[in-house]
Structure formats: structure tokens, C-alpha cells
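Visitor: Sequence:
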Amino acid sequence: MAARRRQRKPPKGQLEDDLLKNARWSGLREQQRLQSLHHTAAVNKLAEAECRSLVVGGYGELVDYTDWLERYRQK
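So my numbering is basically just the index in the sequence shown, starting at one, shifted up by 62.
Simulated from the structure, these hints should not be mistaken for lab results. Among the hints, a few may not be true.
Distance windows between CB atoms, simulated [claimed, not checked]:
| hint | residue 1 | residue 2 | range |
| --- | --- | --- | --- |
| 1 | 122 | 70 | 18 to 28 angstroms |
| 2 | 67 | 120 | 53 to 63 angstroms |
| 3 | 125 | 82 | 33 to 43 angstroms |
| 4 | 131 | 104 | 47 to 57 angstroms |
| 5 | 70 | 108 | 38 to 48 angstroms |
| 6 | 79 | 119 | 29 to 39 angstroms |
| 7 | 108 | 75 | 31 to 41 angstroms |
| 8 | 128 | 73 | 18 to 28 angstroms |
Everything numeric in this text was worked out from a predicted model, so none of it was measured. Built from N, CA and C at the ideal position, the CB exists for glycine as well.
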């Protein structure tokens, strides 16, 4: 008696195609396209650094917050 073969898992591309056919994931490509239009790698790096500074240093490290404080104190 021959040994049973294991079923092969479909390749990653096939899995992605199957997911995109599902209505739940149908907007994924459009979302990725829009994100690539409006969020460059530089913008993402800046946002990541700002988020890290918020977590590590608190509000006092955020440029927007410190700018707002300076404006508020001048009035």
C-alpha cells in the first residue's frame, strides 16, 4: 500500500487571489492603491518617529503639541 500524499498548500499568490474574490476583501486593492497615493515612505517614517516619541517621551515631545503650547502662551 502506497503512502498517502499530503495535500499541497496553495502558493501565496493563489491565496491572495482567493481572498480578493471574497466580498469582504474586495476593497483591499483599492485601499492599498489609495494608501500608496497619499502616504509616501517619508511620510510613514515621520509618522512612525512621531508615534515613537509620543510613547517614549509623552506629549512634550510632539511638535504639534509644543507649537500649540507656544501659540497659546503668547496670547
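Visitor: Please go over all the hints and tell whether each is borne out by the structure.
Guide: Here is what the structure says about each hint:
1. 122 <-> 70: 18 to 28 angstroms: Given a distance of about 55 angstroms, which is not inside 18 to 28 angstroms, the answer is violated.
2. 67 <-> 120: 53 to 63 angstroms: 58 angstroms, holds
3. 125 <-> 82: 33 to 43 angstroms: Once the Cβ atoms are compared, 39 angstroms apart, the range 33 to 43 angstroms for residue 82 and residue 125 holds.
4. 131 <-> 104: 47 to 57 angstroms: Once the Cβ atoms are compared, 26 angstroms apart, the range 47 to 57 angstroms for residue 104 and residue 131 is violated.
5. 70 <-> 108: 38 to 48 angstroms: Between residue 70 and residue 108, where Cβ atoms are some 43 angstroms apart, the hint holds.
6. 79 <-> 119: 29 to 39 angstroms: 44 angstroms, violated
7. 108 <-> 75: 31 to 41 angstroms: Since residue 108 and residue 75 have Cβ atoms about 32 angstroms apart, the given range 31 to 41 angstroms holds.
8. 128 <-> 73: 18 to 28 angstroms: 50 angstroms, violated
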